[in-house]
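Novice: Sequence:
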Amino acid sequence: MIDEALTKYRLSPQDCVVIGDREKDMLAAHRAEVKSILVLTGDGKKARNQLNSIYLHYVAEDCNDAVSWLLSHK
26 MIDEALTKYR LSPQDCVVIG DREKDMLAAH RAEVKSILVL TGDGKKARNQ LNSIYLHYVA
86 EDCNDAVSWL LSHK
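Heads up: the sequence shown runs through residues 26 to 99, numbered per the numbering used here.
Because the hints were derived from the structure by calculation, they are not lab data.
Cut-off 16 Å, straight-line C-alpha distance, at most; resulting in silico cross-link-like pairs (EDC-like, lysine to aspartate or glutamate):
(1) 60 - 28
(2) 60 - 40
(3) 49 - 68
(4) 70 - 48
(5) 70 - 86
(6) 71 - 86
(7) 70 - 50
(8) 71 - 48
(9) 71 - 50
(10) 60 - 48
(11) 71 - 87
(12) 49 - 28
(13) 60 - 50
(14) 70 - 87
(15) 99 - 40
What follows is a set of in silico ranges between Cβ atoms, one per label pair, in the way DEER data are often shown:
(16) 92 - 70: 15 to 23 Å
(17) 66 - 35: 31 to 39 Å
(18) 33 - 74: 29 to 37 Å
(19) 35 - 70: 34 to 42 Å
(20) 81 - 28: 17 to 25 Å
(21) 86 - 32: 31 to 39 Å
(22) 78 - 35: 29 to 37 Å
(23) 30 - 92: 14 to 22 Å
Every residue, glycine too, gets a C-beta built ideally from N, C-alpha and C.
Between the sequences and the hints, there should be enough to build the whole structure, so can you do that?
Specialist: Quick look at the structure:
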């Protein structure tokens with residue numbers, strides 16, 4: 026789905042980010058080579074323990090924290 030969006034909207038992976046709370050969200054971001062932000066709300070804490078071998082660009086306490094990090098890392 027991410028690859029389809031990149032193609033359809035002519036987006037560059039380095040300009041995109043996936044924010045999610047599940048392992049599959051972070052794996053999809055990794056495969057598509059886009060930034061990944063794991064939020065620890067919802068299933069995020071459980072997913073964090075399963076993602077030892079996947080690089081995460083940021084681990085956020087919640088969505089507000091994720092957005093703050095994004096805005097400070099333009």
